[in-house]
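Asker: Just so you know, the sequences run in chain order A and B.
The numbering used here numbers the first residue of the first sequence as 342 and each following residue consecutively.
The numbering used here numbers the first residue of the second sequence as 121 and each following residue consecutively.
Keep in mind that the hints were calculated from the coordinates and are not lab data.
If you're wondering where the values come from, they're calculated on a predicted model, not measured in any experiment.
Keep in mind that a hint or two might mislead.
Here are the computed lysine to any residue pairs in the SDA-like style, where the Cα-Cα straight-line distance is at most 25 Å [claimed, not checked]:
1. A:Lys422 with B:Ala122
2. A:Lys422 with B:Pro227
3. A:Lys398 with B:Pro227
4. A:Lys398 with B:Ile146
5. A:Lys422 with B:Thr222
6. B:Lys133 with A:Ala380
Covered by chain A, according to a simulated footprint, are these stretches of chain B (three or more residues, beta-carbon under 8 Å) [unchecked claim]:
7. 164-177
8. 223-234
Cβ atoms here follow ideal geometry from the backbone N, Cα and C, with glycine treated the same way.
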Amino acid sequence: GQNIDQPTEMTATEGAIVQINCTYQTSGFNGLFWYQQHAGEAPTFLSYNVLDGLEEKGRFSSFLSRSKGYSYLLLKELQMKDSASYLCAVSPLRSSNTGKLIFGQGTTLQVKP
Amino acid sequence: EAGVTQSPTHLIKTRGQQATLRCSPISGHTSVYWYQQALGLGLQFLLWYDEGEERNRGNFPPRFSGRQFPNYSSELNVNALELEDSALYLCASSIGLADTDTQYFGPGTRLTVL
Numbered sequence: 342g343q344n345i346d347q348p349t350e351m352t353a354t355e356g357a358i359v360q361i362n363c364t365y366q367t368s369g370f371n372g373l374f375w376y377q378q379h380a381g382e383a384p385t386f387l388s389y390n391v392l393d394g395l396e397e398k399g400r401f402s403s404f405l406s407r408s409k410g411y412s413y414l415l416l417k418e419l420q421m422k423d424s425a426s427y428l429c430a431v432s433p434l435r436s437s438n439t440g441k442l443i444f445g446q447g448t449t450l451q452v453k454p
Numbered sequence: 121e122a123g124v125t126q127s128p129t130h131l132i133k134t135r136g137q138q139a140t141l142r143c144s145p146i147s148g149h150t151s152v153y154w155y156q157q158a159l160g161l162g163l164q165f166l167l168w169y170d171e172g173e174e175r176n177r178g179n180f181p182p183r184f185s186g187r188q189f190p191n192y193s194s195e196l197n198v199n200a201l202e203l204e205d206s207a208l209y210l211c212a213s214s215i216g217l218a219d220t221d222t223q224y225f226g227p228g229t230r231l232t233v234l
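Given the sequences, and given the hints that come with them, work out the whole structure.
Answerer: This is how it looks when you write it as structure tokens:
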């Protein structure tokens, strides 16, 4: 089966850097997604990691280590608008679980002035 | 380019009634996914449709059902509503059958069962 763990809440200061961790136990997966979800809105796609390493996209970066069962989302130069929930999701291997994403419960990030 | 759209935005029903939720995917996307996001819980996979066929379903009872139309829009039906069905129902679409396809989400329908 699959189990994905994220911290429930985090607080950071505007302008700072924050790292949101995601650990998972899964029998195998295609890749790992990160989504951002503002309260009452749709989750929006941030990143997708297939290979180990760091993927950088502007102020946001995502890292994956398959051997350690670990990913993180790094947010730099935090802005107030970054206050949202950040969802980690795994795309399971096609042979056993087609189509669906397995989501963690999400990390609610509060950015303070 | 228009994103995934869902209707209605909010829906209030009473126990035992039926609810119908609708979703229109991004133009060119053939796969539609439905997820339930209950308060304080992560997104739970409900159903996946592609090319009009149900491809996979999550661990939900049969009273959760749906279909996909020839224009790739989709409908989720929930029969015999129970209080615990109150949740945000999110629809997502992707370009095709590959499991690595990024899923793009709509704004959701908030269903309240009284």
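Asker: Go through the numbered hints given earlier and state which of them the structure violates, listing their numbers in rising order.
Answerer: The structure breaks none of the hints.
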